[in-house]
Each structure stands twice: as C-alpha cells, then as structure tokens.
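Novice: Hey, can you work out the whole structure from these sequences and the hints?
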Amino acid sequence: MAKRAAPEVNAGSMADIAFLLLIFFLVTTTIETDSGLNRKLPPMDEQEQEDIIIRQRNIFTVVVNKYNQLLVEEEPTELKDLRQMAVAFLDNGGGQGEEACDFCQGEKDPASSDNPQKAIISLKNDRETSYKVYVAVQNELVAAYNELRDREFQRLNPMTGMSFVEANKTYNDPRTSLDEKARLKPMLDEVKNLFPQKLSEAEPNKK
Amino acid sequence: MSKFKKKKSGDLPAISTASLPDIVFMLLFFFMVATVMRDSTLMVTNTLPAADQVQKLDKKDRIMYIYAGKPSSRYVDKYGSGARIQLNDKFATVEEVGAFILAERASKRQELQNVLTTALKVDGETKMGLVSDIKQELRKVNALKINYTTRIGGYQQNMN
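Chains as they are written, first to last, in my numbering: chain U, 1 to 207; chain Y, 1 to 160.
Read the hints as simulated data drawn from the structure, not as lab findings. By construction, the Cβ of each residue, glycine as well, lies at the ideal position given by its N, Cα and C atoms. Just to be clear, a hint being listed does not mean it is correct.
Restraint ranges, calculated between C-beta atoms of paired labels, are given here [to be verified]:
#1 Y:59 <-> U:67: 36 to 44 Å
#2 Y:30 <-> U:13: 20 to 28 Å
#3 U:26 <-> Y:110: 31 to 39 Å
#4 U:9 <-> Y:153: 48 to 56 Å
Residues from chain Y shown here face chain U by an in silico Cβ test under 7 Å; the list is partial [unchecked claim]:
#5 27
#6 28
#7 56
Specialist: If you want it as structure tokens, here you go:
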C-alpha cells in the first residue's frame, strides 16, 4: 500500500486570524502617556520640629475656602491675577545688605519678600474645596515659578536657546544622551537654587 | 498546433497574497509590543482637571495609580454617590491606601522601589477633604513623590 502523504494544511486563513489579533491589539492600545503636576509631600516627622521664625513679609498666603473663593494676602482675589501676584512677590527682592537680591527685577517693596530663597508660598485649603480649583491654584503657582526660572535660565544660559521648562523636559526625557544630561544638570540646578520652589501646604484642619 | 500556446496579452496575473500574513504579523507584533493594557477598569467617574504646567509621566513601571471620584452610574446603587477611592479593581477606604502602596512597592523591582511616583487620578468634582486624607496616608508610608494627573488645558476650564 502506498504511504499516504500528510495533507498540506491550508494556510489561506492565516491572514484572517492575524488580522483578528491585529484589530484586537489596535483597539486596546493606549500609546499616549499621562501628564500632570509633580509635587513632593513633606515627610512625616514623629518628633516635633522646633519652630523656625519666618518674617511675615516673606510668607505669601493663599487660602481657598469651601466656596472655591481665593484669599491672597488677606485680599479676595480672582484666579487670573494669582500668577502675577505670585511673580511679584517672589521677584520682589526687598532685602538689604546680606539679604539683598541682585538678580530680582521686582519693586523692592520693603513690605514684601526679601529674596526668592526666603520667600515661601503658603497654600491652605478647606476640606470642601473642589479638587479642580485646587489644581488650578497649584498650576498658577507652579507657573509663577516657571516664569521666573525661565527668565533666569535664559539670562544665564543664552546660548542654549531653551527655556527652563524645555531644558527640564529634555533632561527628564529618557531618550536624552547622558552627555547632554550632564551638561544640562548644573544649569538647571543653578536656576533652581535661585528660585527654590518653597510651597508649603498647611496640614488640613480637622473638620 | 504549437505546443507553446501564447498567453493572451490582456490577462493580468493575479497578485500573490502569500506574503500578506507576514505583513500583518509584522504589524501585529508592533502593536503587541507597544500595547499597554488598561490594567483596571474604571469604576469611578474620572474627568481630570486641566493644567498647563505639566510634566510627562514616562516609564509606566514606576507609577502607582490611585483613582478617586464619584462611583460611576452602574455602581451608584450599591456604593452611593459620595466620592470613593479606587485601588486596582475595587473600591477602598482611606485606611487601605497605605497597605496598597506598600504592596505595590513590594511588587516592584528592588532598584525601582525608591523612585516610585504615585499618580493621583482624581475627578475634578471631588472635595479636597478626600485628597488630603489620601495625601496624609501617603506621607505615613513615606510615598512622597506624587503627581496630580491632569488633562492639558488652561486653568480657566476648571472654573465653571
């Protein structure tokens, strides 16, 4: 008896199967990445820290109440003015002698901050504040810092042709080469030192 | 009668589709590699607030997600309409956040454990009380790097 050859498997439907899988993966793919505001929480210390005395003029208080209204430095304020007010506060440079600020371009108002290293923004919110308003306020405060950092970055490093935000983005991009990162890091750190982000959030008051 | 019949000139030969599976497989592999599956189904409404001073969250393996918001319509009967926290695939209380973070941290590779970021995907309508509670829990377990995940857009969009 002749040995029967194994029948060849028809591969014509292979394409169909592959297409089916392809469409499945096409539908489930999410290529876009999330983005948002990066923040750092203060560590929780068990022992009581000793109080540091900060001059009232070096604190910029922002309070958001439960009706989502804004109180900046004891004045009711619209959100659209917050960025400009924060910039004016941080960039004031009203200090004398040791505390003078040689790069600030503000009004040098003695009733406002001494220098950006000393200036602290204090943010307080109510438990009933809505999250989106809180994010908007955070966004404006970060924007104020970014605006000033951009200015200083461009003044100190005019040849890079980048702003602080762009340089920071390049630095954080995993595709950037190590050489480039090593080049950018001291520039970024210098500007971060000039305008440190001192944003303090009050502990939420218990009901 | 010639043995070699001339082909009719107008007849186009059929295009071979034998390499079609190869092409499709190539595409398939690309999408398989590029796919990040949605690891949890959302059980809360999640309209993120808008912000424009954002930084990208690359490297998904370094991120832990915490969702919060009102339960979506099909869960309202069971869980009410108050804002809830969602961890992985289930609703959770504030107290469970700490344990969740520790479990997530333990499941990551050793060298990543110190560079983890917690992404807070919180619905815009949520009250800050819940968010503050989450933040306090995160501080307790020393997960200090957080990211308020947002849509990209001007702050004005948050004000209506």
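Novice: Against this structure, judge whether each hint is valid.
Specialist: Status of the hints after comparison with the structure:
1. Y:59 <-> U:67: 36 to 44 Å: 39 Å, holds
2. Y:30 <-> U:13: 20 to 28 Å: About 22 Å separates the Cβ atoms of residue 30 of chain Y and residue 13 of chain U, which means 20 to 28 Å holds.
3. U:26 <-> Y:110: 31 to 39 Å: At 35 Å between Cβs, range holds.
4. U:9 <-> Y:153: 48 to 56 Å: 54 Å, holds
5. 27: 6 Å, holds
6. 28: 5 Å, holds
7. 56: 5 Å, holds
Violated hints: none; the structure is consistent with every hint.
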